[in-house]
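Asker: Chain residues, written in single-letter form:
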Amino acid sequence: MKQLLNQNPKILLISALLLGTLLILPLVVTSPTLMQIFILIILYAYFTSTWNFVGGFAGVLPLGHSAFIGIGAYTSTVLFQTFGISPWLGMIVGGILAAMMGVIIGLPTLKLRGAYFALATIAVGEGVRVLVENVKQVGPLMINGPSGISIKLAESSFSAFQFDSKLPYYYIILTMLLIVLLLTYFMMNSKIGYYLAAGGEEPEAAEALGIKVSRYRLIAMAISCFLAGLGGTFYAQLMLYIYPKSILGLDLSFEIAFIALIGGRGTILGPVLGALLLRPVSELTRIYFGSMLPGLHLVIFGFILIIVMRYYPKGLVEPVKILLNKLFINRLGKQGGPDETDSAGKAD
Amino acid sequence: MIGIIEALINGILMGSIYGLTAVGLTLIFGVMKVINFAHGSILMVGMFAAYWFVILTGWNPYFAIPVVVPLLFCFGYYMQSFIIKPIFEAEKDVREPITVIIVTTGIWYVLDNLALMIFGAEFRVAKTSVTGQVFEFYEMYFLLPKVIGAGITMVCGIYLYWFLKHSRMGKAIRATSLDREAASLMGIKQAKIYNVAFGLGSACCGMAACVLIPFYYVYPTVGVPFDIKAFIIVVLGGLGSIPGAILGGIIVGIIENVGAQFMAATWTELLLYGVFLFVLLVKPSGLFGQKHDY
Chain A
210 MKQLLNQNPK ILLISALLLG TLLILPLVVT SPTLMQIFIL IILYAYFTST
260 WNFVGGFAGV LPLGHSAFIG IGAYTSTVLF QTFGISPWLG MIVGGILAAM
310 MGVIIGLPTL KLRGAYFALA TIAVGEGVRV LVENVKQVGP LMINGPSGIS
360 IKLAESSFSA FQFDSKLPYY YIILTMLLIV LLLTYFMMNS KIGYYLAAGG
410 EEPEAAEALG IKVSRYRLIA MAISCFLAGL GGTFYAQLML YIYPKSILGL
460 DLSFEIAFIA LIGGRGTILG PVLGALLLRP VSELTRIYFG SMLPGLHLVI
510 FGFILIIVMR YYPKGLVEPV KILLNKLFIN RLGKQGGPDE TDSAGKAD
Chain B
3 MIGIIEALIN GILMGSIYGL TAVGLTLIFG VMKVINFAHG SILMVGMFAA
53 YWFVILTGWN PYFAIPVVVP LLFCFGYYMQ SFIIKPIFEA EKDVREPITV
103 IIVTTGIWYV LDNLALMIFG AEFRVAKTSV TGQVFEFYEM YFLLPKVIGA
153 GITMVCGIYL YWFLKHSRMG KAIRATSLDR EAASLMGIKQ AKIYNVAFGL
203 GSACCGMAAC VLIPFYYVYP TVGVPFDIKA FIIVVLGGLG SIPGAILGGI
253 IVGIIENVGA QFMAATWTEL LLYGVFLFVL LVKPSGLFGQ KHDY
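Chains A and B are the protein sequences, given in the same order. Position in the first sequence counted from 1, then plus 209, gives you this note's numbering. Position in the second sequence counted from 1, then plus 2, gives you this note's numbering.
FYI, nobody ran anything at the bench for these hints, they're computed from the structure. A quick note: this is a predicted structure, and the numbers were derived from the prediction, not measured.
Cβ-to-Cβ under 10 Å is the rule here; a few derived chain B residues that face chain A:
# : residue
1 : 112
2 : 114
3 : 269
4 : 271
5 : 282
We treat Cβ as the ideally placed atom computed from N, Cα and C, and that holds for glycine.
Throw the hints in and build the complete structure from the sequences for me.
Answerer: Written as structure tokens, this is what we have:
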């Protein structure tokens, strides 16, 4: 905690301002549609931040993250529909299940090299989707295959994790995002974080130093998948309808990976930045061009990805930081060029 | 019993077409050490090109081959030199060029969705003189275009193998895939080889595309299942090995078709993924791959 507060006061100020804006946002925004868009932005920032634990810090490219989100969503939903178990409890169960799946999958695959690992995650992600699409019922549990599950409308209450207005959803996901970001910060600056960083760059050298790279990668995987599962439940409760194409499969996995890559994998704010940039693109193109030009937002994503990777392979966080530095240094009248602070701090 | 043999042969037929696509992928990987995620989309481009050729000229799709194959060769050649090369250059010293992989993913999305925007999502079929014709063999029926397709792809595979072994360019390509720096020291221009390799890989897709038109639907995301199968095949056969790709293709084709005799088609997908993961974990270098393919 002390470390957190010892950051450059400029950065803290800007972070506080940002946080404040996010907190009072619902008071300014009244339209539920607009609120929904913001909720989705924060949700995707959340999903991508969970992806970051593996894709950012462990140095590999997981392209099947949606499987874990989907596991979380389906678990809590099925438990709620069949046994009436509160989605909050279901959320924890879903998270644990997702984490277990993650570890089981991670054990053999995290040893693979970059491209092979990416392929394996695609296979797993698609495999889970095909599996869920094909299964109608398992004992008393209704899964409904491709048509998905519709969540019973209960009265708007905290225990049922359903609300009439968008406000509670917004604050819940905002809290979840903040928790994940804090976790990310602490992890980055902890022993585990350093081990993972070493393992990501030069696994053999790290092993030679006695770092059990695969063990730490598994820990990161477990955390990542658990949190992803939680997010899945949130999504289910927000949308009140889940089906394989929406919550599982390549599209979601790739969108998350794209957001992380464009924003900046391995940084704290990269995923948030990426989500802030790309989600609105997605929503706006869907609203204005959806019927005429289906798929336009994905074309734009692809282009942005190619261009960003060409010029800023590490993502847009650094260039944006430098830009903001220039603006704020001039405004606040301080001297000097861009900050030389470590990028591990709670960035501006 | 007859059903199983029929499925087996169908699997071999379809598998050799999968194999040709995989040959293209494995060629690109062997030379550039890059998994081209956009490979399926290139196939899709080829299929649309062949489709429009057939629709506009009314000719046999096999006549499209001399048009579509060079077209896709150029497509791949220039895609590599304009889009992929600059990123590749930046990552020259990195052991595993992940950014390039990411970019090919971006290309995949752009191509597939551009096609969706321009052509719409409908499934199209090209009515040709060979569509629906059946070839009979001992009470088993096979789609004629499939048989022709398999034959053509076999010929292509053999030709490519010969080309790589004996022609000058082929040897240069093999040299580059074995050791980039050494090849470069021998006077082989890396950039040109990459372009050619990408072009050849795309040309393979073009050939497969023409051969698929008579019996396969054409739609913007048609490349995706082929893409995924191509990855599976290439890992099965060994990244960088052409005979491996063809053999792997046949194996995948057989699993798919024979599996469908015993379970619903959607479950065969899962079976393929299972086999894929199994191979990845047990013998990632595949059947013919080298131990350290770097």
